[in-house]
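These are the residues of each chain, in order.
There are 2 protein chains.
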Amino acid sequence: MSANLRIDIDRLMRRLRRLGEVGARPEGGVSRLALSDADKQGRDLVVGWMRELGLAVAIDAIGNIVAVRPGRGGGAPVMTGSHIDTVRAGGLYDGNLGVLGGLEVVETLNAAGIETARPLAVAVFTNEEGARFAPDMLGSLVYVGGLGLDEALATTAIDGARLGEELTRIGYAGEATPGWLLPHAFVELHIEQGPVLEADGITIGAVENLQGISWQEVAIAGTANHAGTTPMRLRHDAGYAAAWVATRVREIAQALPEQVGTVGVIKLEPELINVIAAKATFTVDLRNTDEERLKRAERMLQQALDEIARSEGVTVSSRVLARFEPVRFDAGIAKLIEDTAAGLGYSSRRMTSGAGHDAQMLARVCPTAMIFTPSVAGISHNPREHTEPADLEAGANVLLHTMLELANG
Amino acid sequence: MSANLRIDIDRLMRRLRRLGEVGARPEGGVSRLALSDADKQGRDLVVGWMRELGLAVAIDAIGNIVAVRPGRGGGAPVMTGSHIDTVRAGGLYDGNLGVLGGLEVVETLNAAGIETARPLAVAVFTNEEGARFAPDMLGSLVYVGGLGLDEALATTAIDGARLGEELTRIGYAGEATPGWLLPHAFVELHIEQGPVLEADGITIGAVENLQGISWQEVAIAGTANHAGTTPMRLRHDAGYAAAWVATRVREIAQALPEQVGTVGVIKLEPELINVIAAKATFTVDLRNTDEERLKRAERMLQQALDEIARSEGVTVSSRVLARFEPVRFDAGIAKLIEDTAAGLGYSSRRMTSGAGHDAQMLARVCPTAMIFTPSVAGISHNPREHTEPADLEAGANVLLHTMLELANG
Numbered sequence: 001m002s003a004n005l006r007i008d009i010d011r012l013m014r015r016l017r018r019l020g021e022v023g024a025r026p027e028g029g030v031s032r033l034a035l036s037d038a039d040k041q042g043r044d045l046v047v048g049w050m051r052e053l054g055l056a057v058a059i060d061a062i063g064n065i066v067a068v069r070p071g072r073g074g075g076a077p078v079m080t081g082s083h084i085d086t087v088r089a090g091g092l093y094d095g096n097l098g099v100l101g102g103l104e105v106v107e108t109l110n111a112a113g114i115e116t117a118r119p120l121a122v123a124v125f126t127n128e129e130g131a132r133f134a135p136d137m138l139g140s141l142v143y144v145g146g147l148g149l150d151e152a153l154a155t156t157a158i159d160g161a162r163l164g165e166e167l168t169r170i171g172y173a174g175e176a177t178p179g180w181l182l183p184h185a186f187v188e189l190h191i192e193q194g195p196v197l198e199a200d201g202i203t204i205g206a207v208e209n210l211q212g213i214s215w216q217e218v219a220i221a222g223t224a225n226h227a228g229t230t231p232m233r234l235r236h237d238a239g240y241a242a243a244w245v246a247t248r249v250r251e252i253a254q255a256l257p258e259q260v261g262t263v264g265v266i267k268l269e270p271e272l273i274n275v276i277a278a279k280a281t282f283t284v285d286l287r288n289t290d291e292e293r294l295k296r297a298e299r300m301l302q303q304a305l306d307e308i309a310r311s312e313g314v315t316v317s318s319r320v321l322a323r324f325e326p327v328r329f330d331a332g333i334a335k336l337i338e339d340t341a342a343g344l345g346y347s348s349r350r351m352t353s354g355a356g357h358d359a360q361m362l363a364r365v366c367p368t369a370m371i372f373t374p375s376v377a378g379i380s381h382n383p384r385e386h387t388e389p390a391d392l393e394a395g396a397n398v399l400l401h402t403m404l405e406l407a408n409g
Numbered sequence: 001m002s003a004n005l006r007i008d009i010d011r012l013m014r015r016l017r018r019l020g021e022v023g024a025r026p027e028g029g030v031s032r033l034a035l036s037d038a039d040k041q042g043r044d045l046v047v048g049w050m051r052e053l054g055l056a057v058a059i060d061a062i063g064n065i066v067a068v069r070p071g072r073g074g075g076a077p078v079m080t081g082s083h084i085d086t087v088r089a090g091g092l093y094d095g096n097l098g099v100l101g102g103l104e105v106v107e108t109l110n111a112a113g114i115e116t117a118r119p120l121a122v123a124v125f126t127n128e129e130g131a132r133f134a135p136d137m138l139g140s141l142v143y144v145g146g147l148g149l150d151e152a153l154a155t156t157a158i159d160g161a162r163l164g165e166e167l168t169r170i171g172y173a174g175e176a177t178p179g180w181l182l183p184h185a186f187v188e189l190h191i192e193q194g195p196v197l198e199a200d201g202i203t204i205g206a207v208e209n210l211q212g213i214s215w216q217e218v219a220i221a222g223t224a225n226h227a228g229t230t231p232m233r234l235r236h237d238a239g240y241a242a243a244w245v246a247t248r249v250r251e252i253a254q255a256l257p258e259q260v261g262t263v264g265v266i267k268l269e270p271e272l273i274n275v276i277a278a279k280a281t282f283t284v285d286l287r288n289t290d291e292e293r294l295k296r297a298e299r300m301l302q303q304a305l306d307e308i309a310r311s312e313g314v315t316v317s318s319r320v321l322a323r324f325e326p327v328r329f330d331a332g333i334a335k336l337i338e339d340t341a342a343g344l345g346y347s348s349r350r351m352t353s354g355a356g357h358d359a360q361m362l363a364r365v366c367p368t369a370m371i372f373t374p375s376v377a378g379i380s381h382n383p384r385e386h387t388e389p390a391d392l393e394a395g396a397n398v399l400l401h402t403m404l405e406l407a408n409g
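Heads up: the sequence lines are chains A and B, in that order.
Residues 1 to 409 (this note's numbering) make up the first sequence, in order.
Residues 1 to 409 (this note's numbering) make up the second sequence, in order.
Some hints here could point you the wrong way.
The calculated lysine to aspartate or glutamate pairs, modelled on EDC-like cross-linking and capped at a C-alpha distance of 20 Å, are [claimed, not checked]:
#, chain 1, residue 1, chain 2, residue 2
1, B, K295, B, E307
2, A, K267, B, E217
3, B, K295, B, E325
4, B, K267, A, E269
5, B, K267, A, E271
6, B, K267, A, E217
7, A, K267, A, E312
8, B, K279, A, E271
9, A, K267, B, E325
10, B, K335, B, E405
11, A, K267, B, E269
12, B, K267, B, D159
13, A, K279, B, E271
14, A, K279, B, E27
15, A, K267, B, D159
Not close to chain A: a few residues of chain B, all C-beta gaps over 12 Å, as computed [stated by the list, open to error]:
#, residue
16, R17
17, A38
18, I59
19, R72
20, G146
21, L181
22, P270
23, Q302
24, R364
25, E405
Think of the hints as simulated: they come from the structure by calculation, not from any bench.
Quantities reported herein were computed from a predicted structural model and do not represent experimental measurements.
Even glycine gets a Cβ: it sits at the ideal position worked out from N, Cα and C.
Given these sequences and hints, build the entire structure.
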């Protein structure tokens, strides 16, 4: 009976566009930083839709919104969801697709009069992007007990505001205890934010794991000196040392399976054409799906830093900016997503998430996996972020039938 | 009679320290960027001293200051001089020694009542450092006709200001035509800015030639993308490309005799830890005493740029910021400096200048050489730049007797 059930892509697109009007930037894209006025308006809009769909809405003390559709058998719900905060200049889909895709699943079931055995739930997690408050994925991290509520509420924004005060100010400091509703399973629908699905011409990604992340900032102290008169053998060039390490980061990334490595920031001082740099500061972003390999990459980086300190006669120090272990999602749900896509006639592949998501936090407390849809040109965190409506439709249909199977199976 | 004549090192040191107070940085060193307010104050101070010494001061249209002490025979003067602009964080001696050493020569002759056959002149050239306006040695270049006045006045500073407007603003857009006074000979006293004299334990450098300089700015355009989700093979990383070229610059410098190479500026965009750089801009400073070798270094750099454009799939463009062929100074004046040092009891050696100096421009129009004094640890363009007073004294005494010989001989 429900095998022919499909979501309504026009309804989903209307909600995505309507939410995208909240915080829309005159120059394009959306700016809805966590707990800003725009975030409050977006939350109000989504909570209104949840209530219209008959869902029971609860707000917890960190501002997470959990909306429940009862099941005939009760018990732990099958949960979906994501976030609606954006980076400073984001797009329509990142996060929003997961929340509004969940509402579309509920409306499709409501319209067809279908009751599930387990309850269903749609969650909106606070401050996933980390663009205003660090760390990112803060709401879901608190939900699973990975960060204490008091510590989270004391977080200071880049604009100086305190998270707890901002929550109260926008009316989303709720009564519920974070983590009050433990899911039976969690499935998050999200755009890929990378080029893999588009490059391979595939519609659905069954996300089976998520990269571990190691962020470091490296500072190198050399000696400023005249670029013309200082013989090469007498130099302690912080700029050269930084450049050499950046090329080693590339070699490390190419040497280890599944490894990526990026130096996105390099700053030199005094930054003059004819002065050997006295100081260089740069960042290293290392990611791998395997914790042992990620640790090996970190050791190789440290060896490179030791080597350049010795050979160039410079002082090297580094500090950790962020460190998350890789996450392995539930193999059974990843297989279910693949099978569901196949049953609906969509191409699919198993894949890894290179970005962090709320699902990685939920994976700590329940079986979890993710559904990815293609991102045109791999672009996200950018007003040009785009996914074709047909792909959004496919993603939401796979979410619908994956949730049905988890709730009834 | 004049054989026993010596300069007054205490008087010279007082002027050096007094000028060093103008633009002094709270954290040490001096910041007197060309045509800044501090440069104006420094110029006013020096012009005041020139007038006190009875010199006839003329300012030309590019802001060069030329102060003349008459000679009994008239004719073309023996000129000395240098510059008083500094890098952003410079020291007391670079440039200033050449100007104030010249004034010390004049004051010594005035005090002893000595008249020379030819006139003497002390010049202060505009924007020698190139730290605010490119190219460096701009004032002396215009003075010898190597750069048109209008083009020079249209030069834009790193802070966006136009050179001509800044000259007018600080009151140093003069009436004289640059090059109005052609010297009989030019001798510049300068700190070495390198480690050679100190390492050899020698007091005076008789500078017989000067490295050629090739400055380029390279811009690399890649593709901004997510540092986690973009596989290494699909990257067009402008930051990596810039770092790789910087390591090649080091290899080029090590491969060719007498070659030095420096990347002192690297700027990445968007400069975010988790975004592959879309754009990199960096500078390359190549120098050699031999023009053919310098050209070879430039070809090797171009090959490196072509190679990275191909292998990384990035677009590379470069523009020349400055290009000067190596300069051979006048062998007779270099020998005169050596002989003068010997006659005064100072050790000396022939040597090459690794830095650019105003003297290299004057060498285009008259017999020219330079006198170097040791730099402690070879450090310059740095608040820690230092030369021992005894060495400054030796240099100014050699300047005094070299100018006397040239003016009377």
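Checklist line | Reported absence of R17 (chain B) from the contact zone with chain A (all CB gaps over 12 Å) | finding: The claim stands: R17 (chain B) keeps its Cβ more than 12 Å from every Cβ of chain A (closest is about 22 Å).
Checklist line | Minimum Cβ-Cβ distance from A38 (chain B) to chain A exceeds 12 Å | finding: The assertion about A38 (chain B) holds, with a minimum of 17 Å to chain A.
Next item on the list: For the pair supplied as a hint, K335 (chain B) and E405 (chain B), confirm whether the alpha-carbon distance does not exceed 20 Å.
Entry: holds (12 Å)
Notebook entry, point to check: Beyond 12 Å from chain A, beta-carbon-wise, is P270 (chain B)?
Noted result: violated (8 Å)
Item checked: 12 Å Cβ clearance of G146 (chain B) from chain A -> holds (19 Å)
Notebook entry, point to check: Taking the minimum C-beta separation from R364 (chain B) to chain A, is that value above 12 Å?
Noted result: R364 (chain B) is indeed farther than 12 Å from all Cβ atoms of chain A, at 19 Å.
Notebook entry, point to check: Quick one, are K267 (chain A) and E325 (chain B) close enough, alpha carbons at most 20 Å?
Noted result: violated (31 Å)
Notebook entry, point to check: Against chain A, does Q302 (chain B) keep a CB gap of more than 12 Å to every residue?
Noted result: Consistent with the label, Q302 (chain B) stays out of reach of chain A, its closest Cβ about 18 Å off (over 12 Å).
Check: Between K279 (chain B) and E271 (chain A), does the CA-CA distance stay at or below 20 Å?
Finding: holds (17 Å)
Margin query: Over 12 Å from every CB of chain A: does R72 (chain B) meet that, or does the non-interface label fail?
Written below: holds (40 Å)
Check: Under the criterion that the straight-line Cα-Cα distance not exceed 20 Å, is the pair K267 (chain A), E217 (chain B) satisfied?
Finding: holds (16 Å)
Next item on the list: Could you grab the alpha-carbon distance between K267 (chain B) and E217 (chain A) and see if it respects the 20 Å cut-off?
Entry: holds (16 Å)
Hint check: violations occur at hints 9, 22; the rest are consistent with the structure.
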